[in-house]
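A.B. asks: Read off the chains here:
There are 2 protein chains.
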Amino acid sequence: MLNAHHDRIRLPQLQARITDAATAAALIHDGMTVGMSGFTRSGEAKEVPLALAARAQKERIKITLMTGASLGNDVDKILTEAGALARRMPFQADPVLRAAINRGEVMYIDHHLSETVELLRTKQIAPIDVAIIEAVAITETGAIIPTTSVGNSASYAILADQVIVEINLSQALELEGLHDVFIPKHRPSREPVPLVAVDQRIGSTAIQIDPDKIAAIVFTHKLDSASPIAQPDEDTAAIARHLIAFFEEEVNAGRLTKQLLPLQAGIGSIANAVMMGFVDSPFEKLTMYSEVLQDCAFDLFDAGKLDFASASSITLSEEKGKDVFSRFAAYKDRLVLRPQEVSNHPEVIRRLGIIAINAALEVDIYGNVNSTHVQGTHMMNGIGGSGDFARNAYLSIFATKSLAKGGDVSRIVPMVTHVDHTEHDVDIIVTEVGLADLRGLAPRERAQVIVNHCVAEPYRSMLKAYIADANQRGGQTPHVLERAFEWHTRYRVHGSMKKIEE
Amino acid sequence: MLNAHHDRIRLPQLQARITDAATAAALIHDGMTVGMSGFTRSGEAKEVPLALAARAQKERIKITLMTGASLGNDVDKILTEAGALARRMPFQADPVLRAAINRGEVMYIDHHLSETVELLRTKQIAPIDVAIIEAVAITETGAIIPTTSVGNSASYAILADQVIVEINLSQALELEGLHDVFIPKHRPSREPVPLVAVDQRIGSTAIQIDPDKIAAIVFTHKLDSASPIAQPDEDTAAIARHLIAFFEEEVNAGRLTKQLLPLQAGIGSIANAVMMGFVDSPFEKLTMYSEVLQDCAFDLFDAGKLDFASASSITLSEEKGKDVFSRFAAYKDRLVLRPQEVSNHPEVIRRLGIIAINAALEVDIYGNVNSTHVQGTHMMNGIGGSGDFARNAYLSIFATKSLAKGGDVSRIVPMVTHVDHTEHDVDIIVTEVGLADLRGLAPRERAQVIVNHCVAEPYRSMLKAYIADANQRGGQTPHVLERAFEWHTRYRVHGSMKKIEE
Ligand SMILES: CC(C)(COP(=O)(O)OP(=O)(O)OC[C@H]1O[C@@H](n2cnc3c(N)ncnc32)[C@H](O)[C@@H]1OP(=O)(O)O)[C@@H](O)C(=O)NCCC(=O)NCCS
Ligand SMILES: CC(C)(COP(=O)(O)OP(=O)(O)OC[C@H]1O[C@@H](n2cnc3c(N)ncnc32)[C@H](O)[C@@H]1OP(=O)(O)O)[C@@H](O)C(=O)NCCC(=O)NCCS
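Chains as they are written, first to last, in this note's numbering: chain P, 6 to 507; chain F, 6 to 507.
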């Protein structure tokens, strides 16, 4: 066999399973649940889903698709357009799929990212029929070595009846050894997750399954989608400055050392700006315990600021990706990729004492956060790991610009239209205007601090007027219920939350 | 010394610290933070707080009072009426204090009950000046043996500058050995909480502190307040029936065994009815891993249904209390009381796979739960441990009657006016009407199941009409924002959520 790739398929008996994507996709039938690799646009299966979409154009195939998180290479878009998705969990970030979800065509169940495989393992959601896992190679024992993400791949492969492996020949064999696959035992034999340090390894470097379950092996050369470069702007730079100043005060107050505590940061321009803010900061020997590593993590390595980074995936811009993977040995011993059940595990997050930095769509005067639903109704992406981190973090920070839509939307509102994170799980709110430190404050106090530190005019005055009226009604958390969403309605009807001159 | 009580104060040097409540209370000054024992009306300090209240009647003393949870013996009421409370955390359930909180007079910060001492330990909230801990005795090494609750007592005593001990002579020395005091280490040396079984002991039986910190010892004879007997009625009996039937189905489906998984149950009539429903059920060898043990736990022991119960406190009715404590040896080896940081620890709850049963003020069509704020504004009690359990449980159940106020309030509403638990943390909703199993469902599906299974007329039709209108607007979680709280406004203005005939 010319294309045997003995270094990529090291268990000889599996060579016979090499096939093309269409043949592999034929294993998937209408109504099945498919568990697929892929987390924040990295490491998703790239061939079989497209072959499945092609089939779905011609015959009725509607599946439940479960992944780690969002997918690259337009896989969600292509499957949606082919009408192949009946149900989707636990996360997505694709505009076409999002629109189908919001039309009620695809049933979307967004989970705390640490919980999906727990629900599967305890049979509380429908079992996985077929898993499709991108791999760099299959070992001598038939174990699967993941590529740029681990996500839920390990548990999907373990729990599935059949497994399709997509071997990505564009991913270097050097990735072997990067992953740390740990799977908790079934109850009542469940033991502590033994992780006590960011750089500790507690599992194996590949996903061991019964090789007989590997029903098909497909090759691909396609790379992960490059992640868009999140350019900092004046606002994100200001947010970063406020946060760095806050961390400096915490060090001065003796609550943190210059090493801080392990950092988690979401994706996007704010996380990027904040992380880049550490380059010229007094902090050192930083560590990350996050879901995803972006360009900024590698910039911090290069700047000598970051000692170690743990996550569930790596997603880089085109340029950075070329650079990092061309000299991967320079980083490899300071990196580990874990299953998202471990990267996001409440137990580990609480134990390590993470500083969690996530973004918000809107926050309210009491510090409740909406991360997911535009106008309370339309799904943006999903809650993702933000809840795993915010609830259990040492310090839970939410960052957002104070405005959206050219100032017609205030992202600080009287009441959020959807709650993903309650006031109990939100310690710090930061906007370009400033930072509100809410620790130890009662709701009425939180409102004052948020309005005075995070909001610019005209919304500051408008919120003050709302608070004054709400306080007349009394309560622990005063509101004027019939006006709580007035701003949102005004935006929907008139295109702006600003007061209309009468 | 006549009243030396050598069995109660076993470290001789501490005999000299015996004093009266007024003298002990004089250690507390205006502006101080006081950490006190007491959890769900049991084991609170009973003498010094009253002496403090007496002083506050005459001089300005306003303190921050931190406890485990709610207090008995009207301590919160008396301190509130004396104007002694500036700030209060992390939980309360007193009508007088509640009213002061809702008037904005006392700043109330309700916490996830597992988190309070974590915030203290990391100095993120103001430190404890004086701790007041009820005890059965002080050991040879100066360690404090708690009474009927552990709550936050251990960490408060460890972190306080000075400790006042109230030795309760009405509590039998037999309580010694009941408690299991485990304190996590400071980060970065934090290790796993080693608890892997409900009946495991991982700590010490008393709270070891530097005996020199014990600044005063006071005696009391006062008992805990008897807890009101939560009488079952037709509705709570129906709720219990629905839940028992659900558990039977889970066993039949092979997801649970007849032993189920460790049970957590809140306080009140619903929890009581559900737990009593197990007496004549096919389940056996049950265990509890809860915050608080009520009468029903001991009834289940007596019925031979319950094998072991772990909690942070015991709170019994007058009759049951007399019975249980008169023959405590019969129960002691099947009981353990832990710090609430351990009883409610996310790590342990997730590991053990708890079945969590909590009550709700209102739930909405998508399964978001309001446990705390009447009409979204007025504090009832606090979030307590419901979030610790609901988020991390194997199965998160919320139980509520479908109606309140003689039918003028529907407890299933279009949108909850305050969110304590998001849809992600709510698996089952049960009312007297029926049970909604929400696992694996998307929001639009959840709405159908909740409305069809949990709501009676006229609210069922009203909710169906709301959903139809909301679906016109589209979205993952459809709403008509300007009408989302219409029912609440109607209740406030007209005294009923029911439609008014035009
Ligand atoms: C919340 C979240 C969407 C914010 O992302 P972001 O990149 O900061 O968001 P942006 O400011 O770019 O806003 C995104 C879009 O929503 C719009 N928007 C933002 N807030 C809005 C609001 N309150 N009302 C209406 N539209 C709003 C913006 O205008 C923008 O639209 P546009 O691109 O058409 O201009 C994102 O962080 C997320 O999905 N979080 C949930 C998952 C998560 O936290 N994961 C954790 C770690 S990966
Ligand atoms: C939510 C909680 C208040 C429900 O308790 P409960 O005993 O089931 O509540 P009840 O049905 O008796 O209602 C209490 C009162 O509120 C009123 N009420 C209930 N729901 C209401 C609503 N939606 N709107 C207005 N009033 C409401 C009732 O009429 C009753 O008032 P009344 O005594 O004047 O008639 C209680 O479980 C709690 O405090 N939970 C939070 C803490 C927690 O869960 N701890 C976990 C374990 S201890």
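Certain hints may be false.
One copy or any two copies: either way a pair holds, since identical chains are not told apart in the list.
[To be verified] Listed below are the simulated DSSO-like cross-link pairs for lysine-lysine, each with C-alpha atoms no more than 27 Å apart in a straight line:
#: 1; residue 1: Lys327; residue 2: Lys337
#: 2; residue 1: Lys67; residue 2: Lys128
#: 3; residue 1: Lys227; residue 2: Lys310
#: 4; residue 1: Lys190; residue 2: Lys406
Hints were generated in silico from the structure; no laboratory data involved.
Quick caveat: nothing in here was measured; it's all calculated off a predicted structure.
A.B. asks: Each hint should be assessed against the structure and marked as holding or not.
C.D. replies: For each hint, the structure was consulted:
1. Lys327 to Lys337: within (15 Å within a copy, 65 Å between copies)
2. Lys67 to Lys128: within (21 Å within a copy, 53 Å between copies)
3. Lys227 to Lys310: Answer is neither: 33 Å inside a copy and 59 Å across each miss the 27 Å cutoff.
4. Lys190 to Lys406: Answer is neither; intra-copy 42 Å and inter-copy 37 Å both fail.
When the structure is compared with the earlier hints, violations turn up for hints 3 and 4 and for no others.
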